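Dock chain B against chain A, hints included.
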Amino acid sequence: DAGVIQSPRHEVTEMGQEVTLRCKPISGHNSLFWYRQTMMRGLELLIYFNNNVPIDDSGMPEDRFSAKMPNASFSTLKIQPSEPRDSAVYFCASSLTERGLAVDNEQFFGPGTRLTVL
Amino acid sequence: GDSVTQMEGPVTLSEEAFLTINCTYTATGYPSLFWYVQYPGEGLQLLLKATKADDKGSNKGFEATYRKETTSFHLEKGSVQVSDSAVYFCALSSGGYQKVTFGTGTKLQVIP
Chain A
109 DAGVIQSPRH EVTEMGQEVT LRCKPISGHN SLFWYRQTMM RGLELLIYFN NNVPIDDSGM
169 PEDRFSAKMP NASFSTLKIQ PSEPRDSAVY FCASSLTERG LAVDNEQFFG PGTRLTVL
Chain B
6 GDSVTQMEGP VTLSEEAFLT INCTYTATGY PSLFWYVQYP GEGLQLLLKA TKADDKGSNK
66 GFEATYRKET TSFHLEKGSV QVSDSAVYFC ALSSGGYQKV TFGTGTKLQV IP
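Residue numbers (this note's numbering), protein chains in the order written: chain A, 109 to 226; chain B, 6 to 117.
Excised from the complex, chain A in its bound form (with noise of 0.2 Å):
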């Protein structure tokens, strides 16, 4: 299996612009998990989804940040306008479980998208 995957790895932007970030989780995972991770606030759950739905947003910073999962394969996590305190690296990951109980007990992290917003 190829793991999680993300696009892009890298991504430097102005302030104001659009950015997208992309995921790819491991086929049969229907649970996806968006963090953030920053030297200050250390490692933050944003969102995360069952069965393509998301189940909890608390940890969306503010309205500018948006997360869709059209389908199983795929999630965006979105940030409209950009700000340079978004700057961070961004992680998926994926998980197997079963009426809402983990099968297994591990996430599986994909490598990041480190993003940086002048």
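These are computed hints drawn from the structure, not numbers from a lab.
Computed from a predicted structure; not experimentally measured.
C-beta: ideal position from N, C-alpha, C; glycine also.
One thing to keep in mind: the hints can contain errors.
Listing some non-contacts, in silico: residues in chain A with all C-beta distances to chain B over 12 Å [to be verified]: (1) G136; (2) D171; (3) K186.
Derived SDA-like pairs: lysine to any residue, alpha-carbon spacing no greater than 25 Å straight-line [said to hold, decoys possible]: (4) B/K61 - A/E214; (5) B/K104 - A/L153; (6) B/K104 - A/E152; (7) B/K104 - A/S166; (8) B/K104 - A/R149; (9) B/K112 - B/E20; (10) B/K57 - B/T109; (11) B/K104 - A/F182; (12) B/K104 - A/H137; (13) B/K82 - B/V92; (14) A/K186 - A/G124; (15) A/K132 - A/A196; (16) B/K112 - B/S88; (17) B/K65 - B/P45; (18) B/K112 - A/S195.
Relative to the frame of chain A, chain B by itself:
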């Protein structure tokens, strides 16, 4: 709510030294406990896990025991190598949907 507290880093050790990274947790019910490792430039990957009290997780020479009485899950390794240099995250999961709460991470640097 759930929380994980782990020791501040960075931790610097000489090769073959003994490693302990402390981790304590607060959670409702009976959480599963994990250690994840993040190598430079990579995503997190599961190192070991324990799903019930007194379980010992182990992998690649690392061990951690689920201590319910002290709400702890300390990571240990008897002899570290330079290749173990990474950031280590303690984590727990106590709800459905595999929602995981991570600690702040402890950076380990092993010098030859």
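Hints, verified against the model:
1. For A/G136, the shortest C-beta to C-beta distance to chain B comes to about 14 Å, beyond the 12 Å cut-off, and the non-interface label holds.
2. Residue placement check: A/D171 keeps its beta carbon more than 12 Å from all beta carbons of chain B (closest about 23 Å).
3. Listed as outside the interface, A/K186 is consistent with that label: its C-beta sits roughly 20 Å from the nearest C-beta of chain B, beyond the 12 Å cut-off.
4. Between B/K61 and A/E214, the direct Cα distance comes to roughly 16 Å. Compliance with the 25 Å bound is thereby established for this hinted pair.
5. Note on B/K104 and A/L153: the hinted pairing holds, with a Cα-Cα distance of about 9 Å set against a maximum of 25 Å.
6. Under the criterion of a C-alpha separation no larger than 25 Å, the hint pairing B/K104 with A/E152 is consistent with the structure, at around 12 Å.
7. For the given pair, B/K104 sits about 12 Å from A/S166 by alpha-carbon distance, which is consistent with the 25 Å threshold.
8. Between the alpha carbons of B/K104 and A/R149 the distance comes to roughly 18 Å, so the proposed pair stays at or under 25 Å and holds.
9. Between the alpha carbons of B/K112 and B/E20 the distance comes to roughly 15 Å, so the proposed pair stays at or under 25 Å and holds.
10. Straight-line distance between C-alpha atoms of B/K57 and B/T109 comes to about 23 Å, which keeps the hinted pair within the 25 Å bound.
11. Between B/K104 and A/F182 the CA atoms are separated by roughly 19 Å; this keeps the pair inside 25 Å, and the hint holds.
12. Distance hint between B/K104 and A/H137 is fulfilled; the C-alpha atoms sit about 14 Å from each other, no more than 25 Å.
13. For the proposed pair B/K82 and B/V92, the alpha carbon gap of about 15 Å is at most 25 Å, so the pair holds.
14. The straight-line distance between the Cα atoms of A/K186 and A/G124 is roughly 13 Å, inside the 25 Å bound, and the hint therefore holds.
15. Distance hint between A/K132 and A/A196 is fulfilled; the C-alpha atoms sit about 20 Å from each other, no more than 25 Å.
16. Proposed proximity of B/K112 and B/S88 is supported: the alpha carbons are some 13 Å apart, at most 25 Å.
17. Only pairs whose Cα atoms come within 25 Å are accepted, and B/K65 paired with B/P45 is accepted, the gap being roughly 18 Å.
18. The suggested pairing of B/K112 with A/S195 holds, with an alpha-carbon distance near 21 Å, which does not exceed 25 Å.
This entry satisfies every hint, going by the numbered hints stated previously.
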